[in-house]
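Peer 1: Read off the chains here:
Number of protein chains: 2
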Amino acid sequence: MVFALLALIVFKDKTVTQFVYSGLLSFVLAAIIYVRYHKAKLTKLFYREALAFASFTWFVVGVLGAFPILFITDAGFTDAVFESISAMTTTGATILVGLDNMPKSFLLYRQFLQWMGGLGIVIFVVAILPMLNVGGMRLLRAETPGPIKNDKLAPRVSSTTRYLWLVYVVLTLLCAACYWLAGMSGFDALAHSFTTVSTGGFSPYDGSMGHFDNHWILAIADVFMLLGAISFALHYNNFTRRALRGYWQDEETRWMLISVAAISFILFLFVFNHGVHDSVSESISQALFHVISFMTSTGYGADDLSAWPAATAGLLIMASYMGGCAGSTAGGSKFIRNILTVRILRQQMMQAIHPQAILTVRYQGKVVKNDVVLAVMGFMLLVAISSLVLTVLLAMTGLDFYSAFTAVVACINVLGPGFGEVSSNFIPVSDTGTWILSFAMILGRLEYFTVLTLLLPKFWRD
Amino acid sequence: MVFALLALIVFKDKTVTQFVYSGLLSFVLAAIIYVRYHKAKLTKLFYREALAFASFTWFVVGVLGAFPILFITDAGFTDAVFESISAMTTTGATILVGLDNMPKSFLLYRQFLQWMGGLGIVIFVVAILPMLNVGGMRLLRAETPGPIKNDKLAPRVSSTTRYLWLVYVVLTLLCAACYWLAGMSGFDALAHSFTTVSTGGFSPYDGSMGHFDNHWILAIADVFMLLGAISFALHYNNFTRRALRGYWQDEETRWMLISVAAISFILFLFVFNHGVHDSVSESISQALFHVISFMTSTGYGADDLSAWPAATAGLLIMASYMGGCAGSTAGGSKFIRNILTVRILRQQMMQAIHPQAILTVRYQGKVVKNDVVLAVMGFMLLVAISSLVLTVLLAMTGLDFYSAFTAVVACINVLGPGFGEVSSNFIPVSDTGTWILSFAMILGRLEYFTVLTLLLPKFWRD
Ligand SMILES: [K+]
Ligand SMILES: [K+]
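In the order they appear, the protein sequences are chains R and S. Heads up, the first sequence is in the working numbering, so the first residue is 1 and it goes up one at a time. Heads up, the second sequence is in the working numbering, so the first residue is 1 and it goes up one at a time.
Honestly, the hints are just simulated from the structure, not real lab data. For clarity, every value in this text was computed on a predicted model and none was experimentally measured. Honestly, I wouldn't trust all of these hints.
Here are the simulated lysine-lysine pairs, DSS-like style, with alpha carbons at most 30 Å apart [what the hints assert, rightly or not]:
{"#": "1", "chain 1": "S", "residue 1": "Lys366", "chain 2": "R", "residue 2": "Lys369"}
{"#": "2", "chain 1": "R", "residue 1": "Lys458", "chain 2": "S", "residue 2": "Lys104"}
{"#": "3", "chain 1": "R", "residue 1": "Lys369", "chain 2": "S", "residue 2": "Lys369"}
With beta-carbon atoms standing in for the labels, derived distance ranges [said to hold, decoys possible]:
{"#": "4", "chain 1": "S", "residue 1": "Arg461", "chain 2": "R", "residue 2": "Gly365", "range": "45 to 53 Å"}
{"#": "5", "chain 1": "R", "residue 1": "Asn273", "chain 2": "S", "residue 2": "Pro457", "range": "46 to 54 Å"}
{"#": "6", "chain 1": "S", "residue 1": "Arg346", "chain 2": "R", "residue 2": "Gly207", "range": "25 to 33 Å"}
A virtual CB, placed ideally from N, CA and C, is assigned to each residue, including glycine.
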């Protein structure tokens with residue numbers, strides 16, 4: 001809020017009062033929450049309270065962040081909350097159109113909100129999530145290459161936060177510098193670095209990255225989207241050890257890079273054969289950029305995808321389900337789970353051929369424990385079931401099936417853009433549908449279990 | 001083949017020579033296979049050979065059944081094989097149009113092929129599948145209420161086949177009699193009983209069940225589709241004990257009936273509110289019929305679904321993923337797996353709240369073993385992954401995403417009709433796409449693992 005107020009003075013547009021109002025409102029609400037939760041906070045958290053705390057935090061912060069949007073644009077309450085949650089969860093789906101003519105301070109606020117969201121996510125997934133017994137993240141906790149091994153939540157959060165801040169800020173500044181060198185204005189470079197490193201995907205332009213029509217900028221975005229989708233604990237380790245090799249030694253990062261290359265190659269062949277772009281280099285650049293944008297769940301666009309052959313949507317949707325690495329800002333299922341899922345299924349088939357053999361699943365050289373296997377499979381099943389159920393619910397609000405499905409994909413994978421009716425913005429979605437999608441963003445961002453556990457009647461009973 | 005030849009003489013149309021040719025061809029091929037496999041057969045089958053045998057049988061029988069279609073209609077080889085595999089797997093997807101004007105003997109052959117396919121499936125899922133270590137069916141084997149507990153494949157198959165034949169024929173005759181009493185001609189009654197009890201869904205009319213415009217017929221179809229989707233071993237037990245209560249005591253059957261009621265009710269509210277049909281009774285009849293038709297994977301139609309609100313497609317797709325009961329002719333995931341999946345996920349969430357508690361999953365009063373839990377989750381994941389990957393592949397052959405997805409749903413769940421471009425037939429699908437879908441039908445019919453295990457390089461290596 002303070003940042004937004006400062007930004008005002010620099011840009012001198014007429015949104016000062018609105019920011020003051022929202023700031024005051026947020027302050028009052030934050031104060032109430034602080035007083036309410038102060039005693040229960042962090043040191044003595046039980047699993048149940050931690051689960052509830054995480055979900056409610058994202059919702060409350062989403063509502064708080066909505067006030068400037070409500071006051072400055074002509075969006076209603078539902079849409080403003082959606083936009084704010086979309087920023088906070090680094091989804092990047094928008095209900096705004098005509099960004100190019102909006103006040104610059106507001107646009108920067110929106111970018112900054114997503115950057116803050118990204119930081120919040122990194123802290124959540126690195127420090128808090130491994131403590132909760134959800135989604136197989138105890139594995140990550142054991143495997144985390146970061147310096148933090150503390151089992152108490154409060155010291156863990158504060159010490160982790162310190163080093164994550166550092167990595168996050170350094171990456172953002174590097175990204176902004178590269179954008180600026182490639183020809184962006186200072187404002188554009190900062191605004192886009194905020195949403196590249198956070199794999200958020202908001203842009204101050206309706207045309208997203210296509211606005212610049214510059215392949216150097218796409219290439220820079222490629223690199224920093226990938227960096228944003230790699231575990232921040234791994235970044236920290238590699239920074240301190242000055243060991244670039246560490247990335248390739250990490251099984252998760254390695255498979256993400258291999259998958260990016262493979263899917264980009266297929267997409268390139270497909271796009272080039274259909275003559276969407278004439279030149280080979282243009283086709284490669286576009287294919288690579290979109291695969292990285294979707295796989296890291298950033299959601300930047302640089303071309304009119306509706307002019308691409310229909311199957312590209314399928315490939316990009318598949319990429320977005322894969323997601324980035326655990327411990328990063330990326331969404332999707334995460335590569336650690338993809339790798340384990342493939343190995344689990346292969347092991348089950350091998351077991352069908354050799355019923356007597358005792359086969360195990362390995363990750364990073366170690367045998368994966370049975371409860372982790374179950375948790376990973378449970379997570380993947382929840383992804384599939386949530387996709388189907390939310391699509392049906394959304395279709396009931398009046399969207400066609402394809403738009404409903406891609407809207408759900410865009411939200412549960414915290415990706416951003418959909419296809420069909422929701423390819424450029426989410427205005428066609430009804431109010432009920434918008435709330436469903438707001439829920440979907442938090443559901444996907446907090447890795448399903450965190451939110452769904454709250455819906456068990458048993459959760460509240462004893 | 002003999003049956004088809006006999007049918008010819010009754011109908012006196014000019015397809016005799018074509019049937020004779022196909023019959024001879026089939027005989028020669030069958031003889032070759034028999035000689036080739038005679039020694040390896042049944043008594044000494046290893047898991048690996050059993051898996052390969054099951055998959056190849058369905059493919060070879062699919063090709064054999066295709067000859068009459070190739071000779072009599074103007075379908076090409078690809079389409080004829082698709083139609084035949086569609087019959088054999090009781091899918092009921094068709095590449096034929098203008099059925100109403102085709103020779104009656106051919107139409108009856110097509111219905112009969114599906115009926116035989118249904119019987120083959122029942123024998124496969126009750127006698128053979130539980131012996132293979134795939135998809136959690138060892139659970140079924142332990143829980144099977146049927147009289148067969150033999151562990152040797154050959155005696156098991158022959159003794160099981162005897163009592164399954166009985167149940168299958170009795171249900172078919174009952175169904176035909178009811179249709180006939182409700183006003184169908186003898187030909188129609190027999191032809192439709194063939195594809196109701198087998199939950200196949202082929203009809204000799206382009207209009208499917210809508211051809212008759214008779215709510216009694218829909219109600220009869222409702223009952224017999226449900227009977228075809230209940231475990232045939234359970235039928236046998238209840239027949240011999242004369243205990244109708246046995247159906248409700250079976251957890252799987254009970255949850256299928258509850259789900260049918262619940263989803264029909266939602267669909268009814270939805271259809272009635274949108275004013276698709278004026279009267280309440282008409283709306284109930286149509287909603288119930290379509291939910292049962294999709295959930296049991298029969299795939300009959302009785303109305304122009306494209307005039308229904310878009311969300312109905314979503315509801316029906318969801319129903320078709322659920323499927324019927326294990327040990328029946330129905331496709332989909334099967335209710336035993338749906339029940340276990342819900343319980344496994346709920347248990348994982350409970351575990352997140354109470355990390356120290358030791359929680360188990362129960363089915364039919366007994367604790368479910370860990371390897372069954374893994375196998376069920378593996379199966380469900382394969383359903384989801386296959387859906388996505390096959391949809392993308394199919395979209396690459398030129399279909400739009402929605403048509404591609406619903407075509408895949410229709411084939412892997414052995415349902416039959418899709419939506420969008422493939423709502424009435426599969427003619428719009430390219431040749432490559434048709435082969436992908438033929439593969440998808442066998443994949444879904446043989447419960448994924450059986451087929452996918454063959455694709456492991458390791459399968460062939462040692
Ligand atoms: K995003
Ligand atoms: K069917």
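Peer 1: Each of the hints needs a verdict: does it hold here or not?
Peer 2: Hints and how they fare:
1. Lys366/S / Lys369/R: holds (25 Å)
2. Lys458/R / Lys104/S: violated (60 Å)
3. Lys369/R / Lys369/S: Holds - the C-alpha atoms of Lys369/S and Lys369/R are around 16 Å apart, at most 30 Å.
4. Arg461/S / Gly365/R: 45 to 53 Å: Since Arg461/S and Gly365/R have Cβ atoms about 24 Å apart, the given range 45 to 53 Å is violated.
5. Asn273/R / Pro457/S: 46 to 54 Å: violated (29 Å)
6. Arg346/S / Gly207/R: 25 to 33 Å: Given a distance of about 46 Å, which is not inside 25 to 33 Å, the answer is violated.
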